[in-house]
Structures are given as structure tokens and as C-alpha cells.
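Just need the whole structure built from these sequences, with the hints factored in.
Residue numbers (the working numbering), protein chains in the order written: chain E, 40 to 488; chain U, 418 to 971.
No lab work stands behind these hints, which were simulated from the structure alone. Watch out, some of these pointers could steer you wrong.
[Claimed, not checked] Restraint-style ranges between C-beta atoms, simulated for each label pair:
#1 U:G621 / E:R92: 46 to 52 Å
#2 U:E466 / E:D238: 45 to 51 Å
#3 U:A473 / E:E89: 49 to 55 Å
#4 U:G621 / E:Q51: 51 to 57 Å
Even glycine gets a Cβ: it sits at the ideal position worked out from N, Cα and C.
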Amino acid sequence: MRYLPLTDADRQAMLGKIGVTGIDALFAAVPKDKLLAGLLDLPKGKSELEVERVMGRLAAQNTPAGSVPFFVGAGAYKHHVPASVDHLIQRSEFLTSYTPYQPEIAQGTLQYLFEFQTQVALLTHMEVANASMYDGSTAAAEAVLMAHRLSKRRRAVLAGNLHPHYRETIQTVSRMAGDEVIVAAPAPAGGEDLDRLIDGQVSCLVVQTPDFYGHLHDLSGLAERAHAAGALLIAVCTEVVSLGAIEPPGAMGADIVVGEGQSIGNALSFGGPYVGFFATRQKYVRQMPGRLCGETVDKAGRRGFVLTLSTREQHIRREKATSNICTNSGLCVLAFTIHMSLLGEAGLRRLARRNHANAVALAELLVKVPGVELLNDTFFNEFTIRVPGTAAAIVEALAAKGVLGGVPVSRLEPDRPELADLIIVASTEVNTHEDRAAYSKALQEVLGC
Amino acid sequence: MLNRQDRPTTPGEEVVSALDTFSTNRGLSIEEGLIFEIGRSDTTGVDIEEPPAFAARLGALARREPLGLPGLSEPETMRHYVRLSQKNYGIDTGLFPLGSCTMKHNPRLNEGMARLPGFADIHPLQPLSTVPGAIALIAELARWLRELTGMAAVAMTPKAGAHGELCGMMAIKAALEARGEKRSVVLVPESAHGTNPATAALLGYRVVAVPARADGTVDPEDVKKRLSPEVAAIMLTNPNTCGLFERDVVAIAKLVHAAGAYFYADGANFNAIVGKVRPGDIGVDAMHINLHKTFSTPHGGGGPGAGPVVLSPALAAFVPLPYTVVDAGGLSYVEHAGKRALVGARGPTAARAASAGLAAEAPVQGSPAGGDAAQARPLGRLSAFHGQMGMYVRALAYMLSHGADGMRQASEDAVLNANYVRSSLADLMSAPFGAQLCMHEALFDDAWLDGTGITTLDFAKAMIDEGYHPMTVYFPLVVHGAMLIEPTESESKDSLDRFIFSLRNLAAAARAREVARFRDAPRFAPRQRLDETRAAREPRLRWTQAMARRQAAE
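What follows is the structure, encoded as C-alpha cells:
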């Protein structure tokens, strides 16, 4: 086996040194009748070549985003990632290192975590950010738990236009933890009225912007009303590139800002691994979940970084910890940080403009298709269209024509027939004029125009 | 907007007296500022064409203020992050005996496979008809996990070990509720990982500790004393965090089940027993598997991980959404309770599986026992989308590469290596539970350092100077000054011999009270010991302009 360095002679010599006669002696603590005598009913090991063959054939059954005109979003986005990002994250000192518990030999990891925390704070216009969560949805669930700790209340109100997967993740955790969740109805055309759900019992209000259907929201009014009722405003952002173009939630009064960082530096990868970000105000830092990296000095007075405030964390506080999270998204954080460093202010803003311009161009083209209606007044790189027919069938028919044209809302909301004619369409910098023309043409053909 | 005059590490500007070069660099060890100090707001390393003029649709929400983000050109970016990487220790650098973390070799084949466009460049919400290979891969990995553990079902979606614990404990809570019961207590041995009590507490359980007996394992009598109709589960790590197989695990499982409670196993130490013992055969009801430990997906400086949870027949109905089902009807996928989407009919699926070199007759996975989706009582979602696909690809590539024979051999070698290290150090260092064999990790305490003025931490830091990553220290908490050494199967005998040589010399130096060697360690790392107290007392969690000004002043 190519990954195992010991030879049979080594094994014999080592058993001799240990003072036992055979390998079975090392498993003597296992009850005899539970020790497997032979091999399990699974194939024997394969060479690299054979594994490549198997995996290559499985991969070939899937349609990569880069191979077709591609307009699928709804919480994960196809962006171009510079080649240097993947090269750097495969540096083995990054790839094969552990959580930086020995800071003297982990300054590389710690410094990029510090850079990431700062980048997230700047993007969201918040005071502090942590070193990452698993993804945007789990970050949102943790934000609700944190709001419950801070407010000492246990009722969360979720906007109807929160991503349904985020809603369900919060609902699962809340139900099992014994907390209450109130969910507003979806408003695909925008114009949700959440005010009436805020009262003195509410711990937090969870609002997404741009929302699941693409609408942009000024959160200032909601923040004021939430604060007046003693509740926190949690803002969710599933497309971090939007923060290069729109007002950040921190500037509109949000108390906690969470979201999905996949768009920067990370592949689509069928939904994971991704990188959740989590930012809040300085005064709430001791109730934050997850790891935090802080600046300090070493014995010689040189600047260095360490994991800090770990008295919040499970390995120190056990059942009194702010969260059970341990491993998070280290390498995805690195990819994010490198890509964001490459972009910088100038690049991010241009990337955001390019995304917005492409989405506007696509929306203008699609509304010309007879029967297609655009539901958005405002949007960033994603919007919702109403189609004359069943959205799922139309998306499937588009796929048969080689265009991946978006997400039918029914894929996530199957029990709401009133949403069955809606498609969420995303367009990023990867789309060309030809892609848009192909979409428009295919849609006309599918609709029989 | 960034004042580059504030760079504290600019050559020649400021020389820390402890260092002996003008630049503060030392040959290949090069100091590197933060991107906020070396970047500029008008620099970018990505060429993006400015769009032609268009009518924006941002309403009143166009961003008003600059972000303050620095940018770097590509050559600057390469140099910055390469220099940072050189301040890190990884598995490829040297022996990384971090107990409980299973720092084994990360095959690069697996990295390549995860980057195939058919896996890396597919969207979680594109039509299922365009991703049958992805669903088949999840189902196939689930089949391997079921077979390796002897369990009925797998919840694939949890994103790391602690997330898996949450999933498994939710399944237990849901199963109790389905029986009309509400229990309030979870038993956790004192030696457990901190995630265990944290998870139980998150779900509202009161944690009751179970002590270890003199030999480091849990006594069934101690469990029995704490069992009651209020106990929902025991969370037991096996092999435990002392590196010992819980020899009475079967008796403990029987007691727990007789009390109407469930047996949650922390699978962090599964690497000791793959292909040797199946958790399903010793009474486990739920166990998470850290794909980033046992199945070698890279730790990546603290993630991403993946934590699928295998479930016994008693819990198999309580899987989170989404999940795969393989039965007589073929391969299908469940994203919503009660709604199955066929991904491939039996014929084509079987043909596809066969053409890919996989077993065509895969049993039910990630689904209720018996394959009857109608019995499923899904927990709901634990996260968006389908779990950690990139990690699934790597883990399956690991499994295919090793096969049933290679994985069994790997576990045997891991246990052999740990015992070799243990027996080679036993005369110099003290073991808390006497001279007994261990599983995949060897545990020492600090009794042998008594009176030397040297602590476990000092000893660990001195290992850095010898070119090794320290072992896990001060865990498990039940052992004073614990040193937990897990060499893994990836080390050759020669590598272990050199490691043992270094540790024996260090131990001899400690016994000879060569205090300076330890108290000043590490001397040869990119940083000496860092002031963690100061970091916690005055938290500086991000770069600010004020920080730059302060450093310039210092």
C-alpha cells in the first residue's frame, strides 16, 4: 500500500521491541468475539490510475458550470477564481497544518485568520469578526443562539425572504434546543412587512439582503424598531460580492452580520466545503461562537498572533461554551483571504459592478421574452422571474437544451404552489453576451414563442 | 488611504534589539507585514473589464463609503502568502504526533480528484438530472461508511465532528420524543472531548460526569450508578482519549440500552479500529466520523472537516435532510420529507455504477433501515445544500486507494507505531495508567517531571526546537500535565526511531534539570513564546489605523 511506509520486517522488529508476538496482541482489550477475523466485504485497494478511472467516470456524469451557459445561484455562486489562489492554498504548510494551537509554528495560519477577520469586518462594516463558521446557514443558526444569550429571550423572527435552507437550518436547531421561531410568509415580489412581528418577547429578527428573491433592503428602519423592542437585528448575506456594491448591513444598524463567503476564492463543489462569516459589535464579542485570532507579542517583543478569548470555547468551557464548534473552515478562509487580497478595494468594486451589469443586461433581455415577468425593482446579481408554466419543468427543459437557467423556487419551497412559476436567476462576471443570448433563445423555444 | 509610512517592518526603519539583522529577516525566515500594511486601495491583482455604462438597479442602496480594503498585485500576493506558509508546520514538514487529531498523510491524488470539474464545478441547486454522478458518489461513500461501521444508516451532511455530534444527539432526542419521552441528562466521561458536553448542553441536556477507574477506562458500575429514567444517552469515545479501548464497552452498551437510553460514540479515534472492530457490533447507536481524521481529508489549518454520522436501526429514521436512498427502485434523493426524486432508474444507475467500477448493488444509505422512506422522520436541515462534497470525494478516493485490506493494515500500523513509541519512552517518562498496551496513541503524564522545574508545556516547546510538532498537551483533562502522542500509520520505522532518539535526549535533559533548554524554548521557531495573557486582556482582533500608528510609535 503506497501510503504505508512500514515493511513486514519493520513490523516484526517493532513487535519484538514492544514485547508481543503478533499484532493481535495489541488488540487484546477488544472483546474476542467482536474482533473481525477477516476483511470486510469491500473491494481491495486500487492504484492511483485505477482510482482516477473510477472517479473520472463519476465526475463525467455531471455537467460542470463552466461547460454551459450558467445562471444558477440562490446561495452559491459561480465566480472566476484566480489561478494563484488554488496554488497557494495547496502549499503543504497550509494544507497539512492543524488548528494553530502551537502559535510559534503556526504564525502563517494565524496571520491569515487575522487578515480574514479584518476583511470581513471591513466588508460588513462591523467591529469584529470571527475566524469562520462552517457555512452561511450554520452561521445564521449560531447568530440566533447568540441573540438568545444576549437578550435572554428565546423567540426568533425570520423574514419570509430568508433563504429557505437557512430558515430550515435555524428551525431544526431551534426546535431541538427548545427555542421558538416565527416565520413570515415569502414575499417574492418584495415589500415584506416585518414590523408587526416585533414585540417585547422577540430575541432577534433575521433578515437577508440581497434576499432570496434578489431584492435589496434598507435595514435601518427595522434595526431601529428591533432595538426599541430590545431585540437584535441579524443580517444575512449569501452573496458576499454584493458588499462591493451595496450598503453594508453594519452601516444600517445590524447587530450581527453573517453570511456565505463561498463566492470569494471557493469552488461551487456541490455545496461544500464553504466558509461562513460572522461579524458583530465589540461589546458582544464574549458571546460570539467560534475561534478568534488576536494580536500580541512574543518574548522578544515581536508582533505575533494567537487564538484568544478561548474561555468562550468548548475545549476550555465544555458545557458552558458559547458553541460546540471546533473545526471550522480554515483552508476556505485562506482561499477567501487570498482572493480578496488580490481583488482589493478597486478589484472588488469593479467585480461587483461587472456582476450587476451582467445581471441587469440579462434581466432586460429575459423580460422581452413573451410571458416572462421580472419581480424585482432592485437587485444585485440575481433576480426572480415569473414564467408562464411550471418553473421546474422549464428549468429542466432548458437544461436539456444545454442552458442551466436558474433555480425553480419549488426546488426549495415544494409545498407552496403559489411559487411554482418562479425562477431565481443569477448572473456573474463569468457570463458573456453569447451566454445571455443562448438563454434567451432557449427560453423562447421552451415556451414555444 | 493606507499610510505606507506606518509599516513597522520596513527594512531599516526599526530594528528589534533581540535580532541581529537590519531587515529583521533571518535568511530564509522572512518577516512579513499584514496585507493592510503592504497593500494599497488602488492596487489589484485581478484584471476585470469595467462594464459599459448601464442603468443600475441598486435603488437607494448603492454603497456610499469606501471599504478600506487593500489590494496586492499577483507577484506581491504570491510572496506574501508563500512567506506566511513558511511560518507554519505541516504534516509534510515532519512528524506531527498530535494526539486525538490523527495527522496522517494527505494523498495528493485526493486533492486532484476533488478538483475534477465534474465535482468542483457543479452547483448544489442545478437540476438533479445534471449531477447523477455526484449523488452516486455520496451514496457510494455512505455505503463504505456503513460497511466499515456495521451500522444501518448514515447522515452524510454534518460539516465537522462537532456538527456530527449535534446531528447524532438530535437523532437521539428525536427518537426519545417519538417514544413520548423527554429525558434531561447526558452522561459524559471526564476524559471526553469538550465538544461532547458542549453539544449536550446546546440541546438542553444536563451533563453528568462519569469518572475513569484506575486503569483509565470507564467502569460499568460507575455508569450503572448514574443511569435513571432521566438519562437520554451516554457519550463515550472509543478508543477513549487516553488511547485505550474501553474493554467493558459491550457491558456499558447493554446497561445503557436496558435503561432506555442511547449510546453515542465519539468517532474521533476511529483510526485505531477501522477493519478491526465495527461500532455496530459493540452496541453503538450513533457515531460521527471525522473524515478529516480517519479518512485523511486535509486539516487545512483548522478545517474544513466533514462529520457524517452512522446510525443504528433504532435511530436510522431520524436522519437530517437531504439524504440518498438506494433500493430496488434505483438511486433516489430526498430533499424534502416524503418527497423522493429518482436520480437514476435501476438499470441505468447500475450500468453507470458498473462502468465507474463501483458495486452496482449498493444497499440503502443515509436513509431509514429497510429502505422504506415512508418510515423516515427526518430531522430537517442541519445546513444548506448537501454537505461537504469536496471532502466526500477525497475520503472516497482514500477508501478506494486503501481498500478493505489497506484500511485494516493502516489501523494495525497506527496501533503498532503508537505502541512502539510508548514502549521506547516508558523507562524515561511516566504513564498515568501503568505499563499497559495502548491503541493508536500513547499517553504520558508529568509525574516524571516532578521537581525538575520543567512543565509539560516547556517540554512541548522544546520539541519544536528539535524539529517536531508537539504532541497534544494538557488533554485529556483527567491526566495531570497530559502528553498524548499519536504518530499515525504514516511514519516509517526510521522516522519513529529519530523521533524517539530526540525525545529520549530531551527527557534525559529534563531529568538533568537543564532548565534553560526548556524554559527558553522554542528558540528556533519563527516566534518565541507568545503573550497569550496580553492577547486576552486587551483583545486586538482586527487591524485598525490606530494599530498602525501605535506600532509606528513603538
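Could you tell me which of the hints above the structure violates, numbers in ascending order? none
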